[in-house]
Amino acid sequence: MLKPGAVFAAAWNSLAFTAKDPAEAIKNAGYSGAAESSDIVIKAPDIAENGAVVPITATSNIPGTTSMAIFVEKNPAPLIADFAFSNGAEPYISTRVKMAKTSIVRVSVKAGGKNYTSSREVKVTIGGCGG
Amino acid sequence: MAEAMKMRATMEGDVVDVKVLIQHAMETGLRKDAKTEKLIPAHFINQVVATLNGKTVLDAQWGVGIAQNPFIGFRIKGAKPGDKVGVNAVDNLGTKFDGEVVVA
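Read top to bottom, the protein sequences are chains A and B.
Taking this note's numbering as reference, the numbering of the first sequence is continuous, increasing by one, and the terminal residue is 131.
Taking this note's numbering as reference, the numbering of the second sequence is continuous, increasing by one, and the terminal residue is 235.
Incorrect hints may have been included.
Derived BS3-like pairs (lysine-lysine); straight-line CA-CA distance at most 30 Å [claimed, not checked]: (1) B:Lys137 <-> B:Lys150; (2) B:Lys150 <-> A:Lys43; (3) B:Lys186 <-> A:Lys43; (4) A:Lys101 <-> B:Lys186; (5) B:Lys169 <-> A:Lys74.
The set of hints was computed from the structure by calculation and includes no laboratory data.
Owing to the predicted nature of the structure, the values given are computational and were not obtained by experimental measurement.
All chains, full assembly: derive it from the sequences and hints.
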C-alpha cells in the first residue's frame, strides 16, 4: 500500500474545489490574471444533451505549459480538475465532466510563470449534477 | 481493486497515448436519495498521479465535477513500447485505486 504522501505532491486544494464563485475558484487554484490565448484549444460539444457526461479535450500549444485547469463556470463547484505535467507529459487532457446547465467551459494553463486562458460555451439540454 | 481500473497505452509516433477508465460513483454530495430524500454524501476521487517507469508525469487534483466512472486521456513524449505506465488514485474517503499497463 502506498501512502498518499509518498505519491501525491500536494494536499488537495479544498479552497479552490469548494469555491462556488468561478472567479474565486480561479483565484484559489492559482490561475488569476490570465491572458486570453487562442493557443489553448478546447474540444467540446456545442450542445450536450446529457450534462452528466460531457467530453472535453484540451490542448495547450503554449511552450513551457506546466499545468492545466478546467472550470465549468455555472457549476455549483466551478473547478473541475487541475493537472500538473512533468517528465515528458504533453499539455493535453481528455476527460468527461458534469455540467449542471449551459455554461462557459474555461481552460487555464500556467506556462513560463504566466497564466493563460481560453473558453467556449457548451449548451446543456439536461443538467447533470442531480439534486 | 484490479477490476476498478482499465488502462490502455498505445504509441502514436513518438508519443504514447494513455486512456484510463476508473469505476467510481463520483457522488457530488448535492444529490438526494430518491427514497429517503436525504443528501447522498460526497464520494469522489480527488487525487490522481500517473507515472512512466516510476517517474511522475501527471499529478492531478479532481473535484466533484468529473463525470461518474471517470475517463482520462493523456500523452507522454519519449515513451517506447515496453515502458510501464502506472496510475494511482485516491478518493475523499481514502480508498485507493491503482493500475499499470505496458506500452504497446
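Checked hints:
{"no.": "1", "hint": "B:Lys137 <-> B:Lys150", "in the structure": "holds, 8 Å"}
{"no.": "2", "hint": "B:Lys150 <-> A:Lys43", "in the structure": "holds, 17 Å"}
{"no.": "3", "hint": "B:Lys186 <-> A:Lys43", "in the structure": "holds, 29 Å"}
{"no.": "4", "hint": "A:Lys101 <-> B:Lys186", "in the structure": "violated, 38 Å"}
{"no.": "5", "hint": "B:Lys169 <-> A:Lys74", "in the structure": "holds, 24 Å"}
Checked against the numbered hints given earlier, this structure breaks only hint 4.
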